[in-house]
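Heads up: the sequence lines are chains A and B, in that order.
Counting from 7, one number per residue, gives the positions in the first sequence under this note's numbering.
Counting from 17, one number per residue, gives the positions in the second sequence under this note's numbering.
Hints are supplied without guarantee of correctness; some may be wrong.
As the list claims (entries may be wrong) - Residues from chain B that keep clear of chain A, each with C-beta distances beyond 12 angstroms, as calculated:
#1 C48
#2 E71
#3 K91
#4 I151
#5 P201
#6 F203
#7 V209
#8 R233
#9 C249
#10 I275
#11 D281
#12 L357
#13 L360
#14 R368
#15 S393
As the list claims (entries may be wrong) - Label pairs and their in silico Cβ distance ranges:
#16 B:E352 with A:Q57: 54 to 60 angstroms
#17 B:R198 with A:G63: 22 to 28 angstroms
#18 B:N59 with A:G63: 30 to 36 angstroms
FYI, nobody ran anything at the bench for these hints, they're computed from the structure.
Note that CB positions come from ideal geometry on N, CA and C, so glycine has one too.
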Amino acid sequence: MKNEVAITGVGLISPWGERIEDIVSALNKTEKSDGDKPVVMKTIGQFDSVQKLGRKGLRQMNRSAMFSVYAALQCLSDSNLDASLASDELGVVLGTQFGHLDRMEQMMKVIRDEGARSLNPTDAGYGGLNVLASIIGVRTNAKAVNATINNGCASGLDAALYACGMITGGHAKYVLAGGVETTSKYYLEWLRANQNDRAYEGAGFIQLEKPDTAERRGIKPYAVIRAFASLPYVGADCVTKSMNKALMSASISAEEIDLFIGGDKCSYKYENSKFQPKRKIFIKDILGEGMAVSGIYQLLIALRFLKDDYRNALIHLCGQGENSLSVILTNSAAMTR
Amino acid sequence: MSERVVCTGLGVATSIGIGKENFWDGMTRTKCGAKPLIRLEQNRFAQNRSYEIDEAFPQEETIGRTSAMALHTIKSALTDAFVTDRPEMALIIGTGLCDFKKIEDGMDSGRFVNYKDICSNISERVENVGYGLTISTGCASGNYAVGYGYDLISAEETDIAVAGGCDCVTSVMYGIFDCVNREKPIFCQPFDVNRKGTILGDGAAFLVLESLTRAKRRNAPIYGEIIGYGLSCDAKHPTSPDPDGIARAMRSAIQRSRILPEDIDYIVMHGTGTALNDVAETRAVKEAFGSHSRNMATSSIKAMIGHTGGAAGTVSCVSAFLSIKHGKIPPTIFLESPDSLCDLDYTPNVWRNLRIKRAMINAFGFGGNNCCVVVGSYEGDNREE
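This is chain A alone, in the form it adopts within the complex (with noise of 0.2 angstroms):
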């Protein structure tokens, strides 16, 4: 990535709550937690739709297209773009592994058991998978680029990476990047087959624009994404090789970063001995999997710390037959809300 990109705005939802505190203080809670039985599948509980979304649309929106709406419109509003006056300039990117697959098993079911001509062709759009990013586009006017990726664990952050993409190749000015996964049958056949025992689901999005765009609108950017780099994830050197091309990428060295915020630590290994962060956090032996949102849930724990006294985050985040996916986000005082 040879320009850089501004974060501008956050949305989020989690079984913690819906501000960057409640991720960061269950982070805490788990950490000092010794002894506590894990858990499977941590759940959003109550979640108010018709007081948070209107009632508009309600029906068409499987669980992970209201969470993603919900975290997509609290994103927008925290970048305080009026997206009436820019549609056309912005975009939406959403990672998701399994977010729709629940709807489209039950339209099968329909299928099996009553035969095609009892769907209901409103439902049409849950056919492909690209279904979450167009409500989302519907839902907040956004006209120039809606992608959907589908990359495994590194959905998330993968969305985010090609969100940069289209704003320095100048497809479209703003984009709402995030990522969603919510509790399905097949996200937990999955955790079971790739023997994780605990979970979460969620949705987050970062607002991403040009850091002179964000200027011009008068916005301090919480940080700059300074450099991604991604590889296949095929073994643990794949890590160190990353990591070194997005520093080489950013053009700062190993000892300047002091904030690392990882995926977990047993995928991990990196080879510098001048890379010494003051803080390493590993989310996925903490909160447990998030598939898609985990990365985008990394890049908002990075952006809490980078409020205090941090200046360099690195953000890494692999899974086996994906991309192994390295993130420099830089920080200063200018840029600290």
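Since the structure of chain A is already known, use the hints to place chain B on it.
Then chain B, alone, in the frame of chain A:
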């Protein structure tokens, strides 16, 4: 100055032919791939025709039919491009339906299927994938993938990418069209007043894209150039196309390619044969191209190969590059009585000789996703702009 991007390899699989020679031969003979359903339970649907591919693909049972089709097509594109130096390459896969067929088959047999994204399946079986992405924008997915491959090379993030789309017929998507098509279509009949809706087909198509520098260095065969692309989202309706949104994508493609509307000689239309798409696309072409829309040739190949979903855009790209190479364009077959609202030159029924300098490839998907790619003949180092 950004890198120029050329296409050096083609891989394609459709109901009228697997491999670029068979595909082109099928089109040359204006073959129609529509036939009775092969892999879906007939008694669940009122209509019974599809453009499925007869053959099974290697590893289909393990990784799913869509992944297997993609794998086969990617390998044949790399062979076609004579890529032998094992470069680290980007792999961009567009799909509307992923491997849902595998999930549906699992539901039918009561066997749970561990769902995996297509890019992971391919990366484990193709050497030297440097960066992989599975992107879904409905039936615009293939064009989105080609566009992103173009972006990565022109921004010098990589110098070679394999990009394209793939989808196979699923019960749910077939069921949706079964539900909305009031009459049972026998074949796709784009732009005809008697069209009865679209029919799905299996399809996969991938392009090997390279920087011109790399292609020239290894003396690679060059089919043509990717000049640019444009995208838009209607943000209006989940399934109904909006002419304004489509026109916006076309205008953006022209502008980003730094050409004028008059520079486009030919459009491979999305042309699905649905009542709504064909009228909306025609209106959008007129809006984006003005008076030039009357002078320009267009055609839809879907009457021959059906609607191949996420593969549709890239199959059309393959068709466009072969048209550039052979100097002739495929017709819109079964176009007997054009709809009065569909009044462009759709090249009805008969092949036409045409020297193409620039062509546009249209692909639009559910969710209002529109993506138009501009390709051109390779004219050496001094491209006119």
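Going down the list of hints, with the structure as the test:
1. C48: holds (23 angstroms)
2. E71: holds (25 angstroms)
3. K91: holds (17 angstroms)
4. I151: At about 6 angstroms from chain A, B:I151 fails to clear the 12 angstroms cut-off, so the statement is violated.
5. P201: holds (14 angstroms)
6. F203: Check passes; 19 angstroms lies beyond 12 angstroms.
7. V209: At roughly 23 angstroms from the nearest Cβ of chain A, B:V209 sits farther out than 12 angstroms, so the non-interface label holds.
8. R233: Non-interface label stands for B:R233: nearest chain A Cβ at 22 angstroms, farther than 12 angstroms.
9. C249: It is violated; B:C249 is separated from chain A by about 4 angstroms at its closest Cβ, not greater than 12 angstroms.
10. I275: holds (16 angstroms)
11. D281: The claim stands: B:D281 keeps its Cβ more than 12 angstroms from every Cβ of chain A (closest is about 25 angstroms).
12. L357: The assertion about B:L357 holds, with a minimum of 23 angstroms to chain A.
13. L360: At roughly 25 angstroms from the nearest Cβ of chain A, B:L360 sits farther out than 12 angstroms, so the non-interface label holds.
14. R368: Non-interface label on B:R368 holds, nearest chain A Cβ at 33 angstroms vs cutoff 12 angstroms.
15. S393: holds (24 angstroms)
16. B:E352 with A:Q57: 54 to 60 angstroms: holds (55 angstroms)
17. B:R198 with A:G63: 22 to 28 angstroms: holds (26 angstroms)
18. B:N59 with A:G63: 30 to 36 angstroms: Given range 30 to 36 angstroms: holds, Cβ gap about 34 angstroms.
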